[in-house]
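K.L.:
Going down the list, the sequences are from chains A and B.
Going by our numbering, the first residue of the first sequence is number 1, and it counts up by one from there.
Going by our numbering, the first residue of the second sequence is number 1001, and it counts up by one from there.
Derived from the structure by calculation, the hints contain no laboratory data.
Everything numeric in this text was worked out from a predicted model, so none of it was measured.
Don't be surprised by glycine CBs; every beta carbon is placed ideally from N, CA and C.
Check each hint, because a few of them may be wrong.
[Stated by the list, open to error] In silico lysine to aspartate or glutamate, EDC-like type, Cα no more than 20 Å apart, as pairs:
#1 A:Lys298 with A:Asp69
#2 A:Lys649 with B:Glu1368
#3 A:Lys374 with B:Glu1368
#4 A:Lys25 with B:Glu1198
#5 B:Lys1541 with A:Asp371
#6 B:Lys1374 with A:Asp371
#7 A:Lys541 with B:Glu1368
#8 A:Lys644 with B:Glu1638
[Claimed, not checked] Sample of chain B residues lacking proximity to chain A, with all beta carbon distances greater than 12 Å (derived):
#9 Ala1027
#10 Asp1038
#11 Lys1147
#12 Ser1151
#13 Phe1383
#14 Phe1397
#15 Gly1411
#16 Val1614
#17 Ile1653
#18 Asp1655
#19 Asp1659
2 protein chains.
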Amino acid sequence: MKVVPSENDPQNHLLIGVNRDIRGKVASMSAKISKGADAFLFREYFYVGIFLVVFAILLLVLLGLITKDWTRTGFTVFSFLLGSVTSILSGFVGMRIATYSNSRTCIKAASNLSEGFDVAFKAGMVMGFFLVSAGIIVLFMLIYIVKSNYSMDQASTMFEAIAGYGLGGSTVAMFGRVGGGIYTKAADVGADLVGKVEKMMSEDDPRNPATIADNVGDNVGDIAGMGADLFGSFAESSCAAMVVASSSDSIGLSAYWPALLFPLALSSSGILVSLVTSFVATHLMPVKNETDIEPSLKRQIGVSTLLMTPVVFIICYFFLPHDPFYIGGKTVKYWYIFFCVACGLWSGMAIGYITEYYTSHAWSPVREVADSCKTGAATNIIFGMALGFKSVIIPVFCIALTIYVSYSLAGMYGIAVAALGILSTLPTSLAIDGYGPICDNAGGIAEMSGMAPEVRVRTDALDAAGNTTAAVGKGFAIGSAALVSLALFGAFVTIVKVKWPVDHQAVDLLQPFEFAGLLVGAMLPYWFSAMTMKSVGIAAKGMVEEVRRQFTEKPEIAHENGPDPDYDRCITISTDHALREMVAPGALVLLSPLICGFFFGTHALAGLLAGSLVSGVQIAISSANMGGAWDNAKKYIEANVGKKTEMHKAAVIGDTVGDPLKDTSGPSLNILIKLMAIISVVLGPALQDFDKGLLEKWFA
Amino acid sequence: MKVVPSENDPQNHLLIGVNRDIRGKVASMSAKISKGADAFLFREYFYVGIFLVVFAILLLVLLGLITKDWTRTGFTVFSFLLGSVTSILSGFVGMRIATYSNSRTCIKAASNLSEGFDVAFKAGMVMGFFLVSAGIIVLFMLIYIVKSNYSMDQASTMFEAIAGYGLGGSTVAMFGRVGGGIYTKAADVGADLVGKVEKMMSEDDPRNPATIADNVGDNVGDIAGMGADLFGSFAESSCAAMVVASSSDSIGLSAYWPALLFPLALSSSGILVSLVTSFVATHLMPVKNETDIEPSLKRQIGVSTLLMTPVVFIICYFFLPHDPFYIGGKTVKYWYIFFCVACGLWSGMAIGYITEYYTSHAWSPVREVADSCKTGAATNIIFGMALGFKSVIIPVFCIALTIYVSYSLAGMYGIAVAALGILSTLPTSLAIDGYGPICDNAGGIAEMSGMAPEVRVRTDALDAAGNTTAAVGKGFAIGSAALVSLALFGAFVTIVKVKWPVDHQAVDLLQPFEFAGLLVGAMLPYWFSAMTMKSVGIAAKGMVEEVRRQFTEKPEIAHENGPDPDYDRCITISTDHALREMVAPGALVLLSPLICGFFFGTHALAGLLAGSLVSGVQIAISSANMGGAWDNAKKYIEANVGKKTEMHKAAVIGDTVGDPLKDTSGPSLNILIKLMAIISVVLGPALQDFDKGLLEKWFA
């Protein structure tokens, strides 16, 4: 690992104040984090790999035996495995880029805030470009295979099979999000409860055995998990658009080759727009001092949305037929589609900015929460929860409006392209998301390698902006997940042809199975959240015990300049717990649609999907914003009232409660609603005959 | 007020140990509580009365001008006002019974635990009998008016007009629940934060200025509010059954007079069953010592359900036609209806017992939460939230099963009678619900009038059981609210004839307005909770300031045997805040269906109702159980670890967070979902032509 530039390096002047000894420490700490993250990902992917093979066989058997269409089944499983591999690769590459850039951000920040920002931001950008490009290339390949080998009549079912690609991506993403989420919060809470609270050490103190695990957690949870999640959304919305476009409700478009490539063209142009947008942050309006950081990141969202809007119109103009065509059950013109995409794009921006309003301490909501700490932790929690609940209102109206507009204009196809609209500036969102954990790690490395306190101040400033953008990224992720799931819900209904008495396709809430399904579906996010929150508690408890054990058995590690604690044990404990605890929530998500579909039928399953979608969106948004608000209320009190006060104590309790909400259970819900929908789409052909499910068949 | 029995009174021996001086104090404290509760209720009912008149005029204008059917409109408004008056009366009588019995419970408990239990339990019973009887008598009168004046052809729409009765009941209930909920928690939190935390006084110390307001709160929130809520459920489910039975989808039943009386017969028989059940607690297996109290109350639920089951069959046998008849869109036999009612009845019991499992510290879930206090308040909150989320699972499955079974057997009529099934043992539930606050007050009076500490121990034992039964009552209330709302949803759809392209009635989730409505509807409970939680915070802050002011300006009130603090000021502050803060949530609940229905149409409104129903159920159950669990975890720690420990401190924070959740926002959600549904039913005739709403009309 080459962190020390040569004597002739023109950038060497940046390293003034960073002596060789410290540079060595930086390298060693960064290597430890990188090794820990690798170790976790390899073990996680090992188990996920086994699971994927088993699941692929299950898919093969279920789909193949029931539909007897082995070509389609084979292609579904092939797409599934390809999607999984792409997602694994995306998570891994993202994580590698992050662990590669954290030490560099730290060293650059040592000499210049602006350059530190640039390194972290560009690292996030590279991650975003890689993920989206990889997805587009593989999807293009799959479409090309279908196009070259099948006539347009056969192609329709084969396009449905490509949905396997989305399923693969989301399955890996689920384990990444849940496993990574448990890992990062177990390490974080464990490190805090013993190191900070009991031993009065500062954050990232190298004497704390859990400190490396904590920094590893940022990478495996926020980078690999988030990357896989958004990659899944991207793959699924593209698949949903294709399934709806190629279904029997749509004619005229599937025969038109450029139109099939429309989703990919949209995402590809998003890469270019994001590249141009990034120049605004790196060249046009570079970060000069601390107050520039947050505006600079926020500007990215607005600029990319502004630039993307005309580009969307151009893509619509060139890739869609100019005669009216029939799609998603409606006759549409090409500029209808433009409005659908634009609606998604602009809602995404609105959700981003509203999230920022509710989670940044620049605005009154977080300041009110901070103020409530005056009367103690209880009022802090009550006000934080009220804030989280309230923050749901506008995003839900935005999503509902987008649904209404795009649904009315172009049916389910409109929803699918609106989801693509939110995700069209994905590279920018990923860059902003990736930026946070990289700076967090940079700060950790600065502290652990004993750099001057001023460096820590700079990395803290970089990191603080990252907290807000992390919340914005989560709002973005859940908004897109909602639209993607709805599009998949539409694709599912199209495939299984849910009909009610007459021959009209309808998911009718006046039917018993549909309504019971809706109610149970609305419960699933609660069940899932209960599981993941408790998992974090259990894993954190394991970590607390290990850290206490090390301090008791080897008290000399707590001394200044004492021997290194056993970091590896802590990493192993977090890894083991995360892998063990991700099984039950994973099973809940994967088995619910399977059991519901086969035993209670497609009507109940349609209700279940709708219920989990509308309820999951609310908990996901409120959890993420509650957590973000408590975190920033604490930061606000630290800056304005001071640490070691009663108010700060109350704020720390809120922050700790928010941790599993914002980093584990909340973001995992995106995957819950998406994965349940895509698994239903993929199993759709096998479920066609299970109108009322096995139960009714047995009793009949 | 006659609390001192004469010398010849055979019960006089019970008063050994209670000297005349203390008896006088008991009478004076009880009078203060009674006066405070009266003052709040009178002021509340004054404002509610003005609102009711305005709302009645609005109904008259809206319904009359749009439908031009002035007879029906007039009858709707008449029923509405009658329902409001009955509900106001029920709340007031219940509260009077409670304030009349609290001192008696205290004095009886002074000599004998068993007799104390009897007084409190019988007071609750009287309240239950009064509420249900009043409802039945008024409803019978309304039905009789229709029957004597109209032919069966006209009667159908007039029966729809009786829904106004349910609307009146629920509107008053909403203000009772929200206003009472804010009152009680503001006083509770205010009394605790200054008196207990800052001044180190014990609970109910007479030197604390907010202590009377705290005791008043138990009466206006838990007695008047809960009574009005359950009365509303009862009135609404009876109305829903009648609307569905008299609609065009049902023939054969509305012509059959006994069948129309079926809902009332069911509830009337429930009074008898509850009376018989109460003998088990008062005579057959009386309470002898502390450990008998909780089992005795729990036994009531089981025994009443067991006894009610054959009675339901008898009622079905004698009141329903024996030939198959057509109702709710299905051809049914009389014993189908028995199964629907029984399904509701037994789910109610199941939900009650499951709630007990999750909120009583006799079982592992609460003990786990208590154990998590070892690592501080944050883990306490996380584990409590996880428990609340988890406790939703089985109740939702119970409700979903009931929906499925009764829907399949008898359509929407099945749902309506299943709701009547849950509520058939309402007098028993109300007795159990009323028991808790009465004992709570009795304890307060014992403390405030300086009775021997052993008396307080006894009233505490009585009260502890009341905490668990309060949670059970909330589970019960939300379970019935869910079924009632669904039945009303069915009645609404029947009235406005929501149809999708063809002439089949369907609420189709594949339509843009329906799905957008569903999503927004699922958000409303969050918005409402955010409002009510914040209201409690604001009102509590006002109370804290007033109590602090009194201690600062007149420090001698804090001395032993000092002058009385100004209790009345605190009562006024709680009253003012509660009345002011109940406006916004009330407006949200009443205006949402109005705006949605007229501007976006009945399709969007159908979605909105379904969304708020499925999402509200989850938050209501989880909030109530979270709060109950934190409360009892604190009690468990007090008993097993001790007060003044770090664990107890952490537990108190959880308890305070739970207070607004379990007593304000959670239970108010029942009303949200019921009221939105019934208002849609009542406005149904006016909404028939607003298929797509004004917005679409304007744009078209």
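K.L.:
Confirm or reject each hint.
P.N.:
Each hint tested on the structure:
no., hint, in the structure
1, A:Lys298 with A:Asp69, "violated, 49 Å"
2, A:Lys649 with B:Glu1368, "violated, 24 Å"
3, A:Lys374 with B:Glu1368, "violated, 29 Å"
4, A:Lys25 with B:Glu1198, "violated, 50 Å"
5, B:Lys1541 with A:Asp371, "holds, 12 Å"
6, B:Lys1374 with A:Asp371, "violated, 27 Å"
7, A:Lys541 with B:Glu1368, "holds, 13 Å"
8, A:Lys644 with B:Glu1638, "violated, 28 Å"
9, Ala1027, "holds, 36 Å"
10, Asp1038, "holds, 30 Å"
11, Lys1147, "holds, 29 Å"
12, Ser1151, "holds, 30 Å"
13, Phe1383, "violated, 6 Å"
14, Phe1397, "violated, 7 Å"
15, Gly1411, "violated, 9 Å"
16, Val1614, "violated, 4 Å"
17, Ile1653, "violated, 5 Å"
18, Asp1655, "violated, 8 Å"
19, Asp1659, "violated, 8 Å"
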